[in-house]
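Student: Chain order of the listed sequences is C and R.
Under our numbering, the first residue of the first sequence carries the number 2, and numbering increases by one thereafter.
Under our numbering, the first residue of the second sequence carries the number 73, and numbering increases by one thereafter.
Errors might be hidden in some of the hints.
As the list claims (entries may be wrong) - Partner residues are not named here, just some residues of chain C that face chain R (Cβ under 8 Å, in silico):
(1) Y33
(2) L35
(3) P45
(4) T46
(5) F47
(6) F90
(7) P94
(8) Y102
(9) K104
(10) G108
(11) I109
(12) G110
Because the hints were derived from the structure by calculation, they are not lab data.
From the three backbone atoms N, C-alpha and C, an ideal C-beta is built for every residue, glycine too.
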Amino acid sequence: DQQVKQNSPSLSVQEGRISILNCDYTNSMFDYFLWYKKYPAEGPTFLISISSIKDKNEDGRFTVFLNKSAKHLSLHIVPSQPGDSAVYFCAAPQGPNSGGYQKVTFGIGTKLQVIP
Amino acid sequence: NAGVTQTPKFQVLKTGQSMTLQCAQDMNHEYMSWYRQDPGMGLRLIHYSVGAGITDQGEVPNGYNVSRSTTEDFPLRLLSAAPSQTSVYFCATRQGQHYEQYFGPGTRLTVT
Numbered sequence: 002d003q004q005v006k007q008n009s010p011s012l013s014v015q016e017g018r019i020s021i022l023n024c025d026y027t028n029s030m031f032d033y034f035l036w037y038k039k040y041p042a043e044g045p046t047f048l049i050s051i052s053s054i055k056d057k058n059e060d061g062r063f064t065v066f067l068n069k070s071a072k073h074l075s076l077h078i079v080p081s082q083p084g085d086s087a088v089y090f091c092a093a094p095q096g097p098n099s100g101g102y103q104k105v106t107f108g109i110g111t112k113l114q115v116i117p
Numbered sequence: 073n074a075g076v077t078q079t080p081k082f083q084v085l086k087t088g089q090s091m092t093l094q095c096a097q098d099m100n101h102e103y104m105s106w107y108r109q110d111p112g113m114g115l116r117l118i119h120y121s122v123g124a125g126i127t128d129q130g131e132v133p134n135g136y137n138v139s140r141s142t143t144e145d146f147p148l149r150l151l152s153a154a155p156s157q158t159s160v161y162f163c164a165t166r167q168g169q170h171y172e173q174y175f176g177p178g179t180r181l182t183v184t
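All chains should be modelled from the sequences, with the hints used to inform the complete structure.
Tutor: This is the structure:
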């Protein structure tokens, strides 16, 4: 049972336009979410995160929106650049950060292609 | 700082062979984890460690062993390789009070 779902395996966007990557979750206990970016032959790198006490977090061209009632979050990239072409993973720790180890559930990823 | 390093980058094994995937970090992070990535699946946790001498199982631990004798190193051992273990393996570290993980570049393993 996938608790974190990325239903779009791929997305193509023109350079300069907005890219919107979506993620749905089923576990209402999730209270923190992260996005990772992965280039081919490299490990994932942390991109941006959001706590459930917020509905938006922005970092430069990247903004993550959280809709708790819909159990949905999205990553917006504006404007999209060719260097943003990568696989993007949505992830959620299974429990609060109270000092112990939290296992993290990852989505299957969405491959973004930004066309010059 | 090298961050998280993994060796080897590529490996081909025959069924039944054993090997160790190496992972080392120089960030003094207490938490270390091993994941595998397969097509159509997210990253799945194999084993993890919360400090030297302490390890535990993740979601898919069968066929793998780990140990953590130092903060820096967290090797993953395949006891008797099977074709189902063909995958890309990532090591990751995390500082306890933060959720973000730092991943190594990965090891691509093929078992024939």
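Student: Run every hint past the structure and note whether it holds.
Tutor: Hints versus structure:
1. For Y33 (chain C), the suggested interface contact is upheld, since its CB lies about 6 Å from the closest CB of chain R, less than 8 Å.
2. At its closest, the beta carbon of L35 (chain C) sits 6 Å from a beta carbon of chain R; the interface hint therefore holds under the 8 Å criterion.
3. For P45 (chain C), the interface hint holds, since its Cβ comes within 8 Å of a Cβ in chain R; the closest pair sits about 5 Å apart.
4. For T46 (chain C), the suggested interface contact is upheld, since its CB lies about 7 Å from the closest CB of chain R, less than 8 Å.
5. Interface restraint check: F47 (chain C) against chain R, minimum CB-CB distance 4 Å, threshold 8 Å, status holds.
6. About 7 Å separates the beta-carbon of F90 (chain C) from the nearest beta-carbon of chain R, less than 8 Å, and the hint is met.
7. Evaluation of the P94 (chain C) hint against chain R yields a held restraint, the C-beta minimum of about 6 Å falling below 8 Å.
8. Interface hint status for Y102 (chain C): upheld, as the beta-carbon distance to the closest one in chain R is roughly 5 Å, under 8 Å.
9. A least Cβ separation of about 6 Å between K104 (chain C) and chain R falls short of the 8 Å threshold, and the interface hint therefore holds.
10. Interface restraint check: G108 (chain C) against chain R, minimum CB-CB distance 5 Å, threshold 8 Å, status holds.
11. Annotation: interface hint on I109 (chain C) holds; nearest CB of chain R at approximately 5 Å, less than 8 Å.
12. Annotation: interface hint on G110 (chain C) holds; nearest CB of chain R at approximately 7 Å, less than 8 Å.
Every hint, counting from the list given before, is met by this structure.
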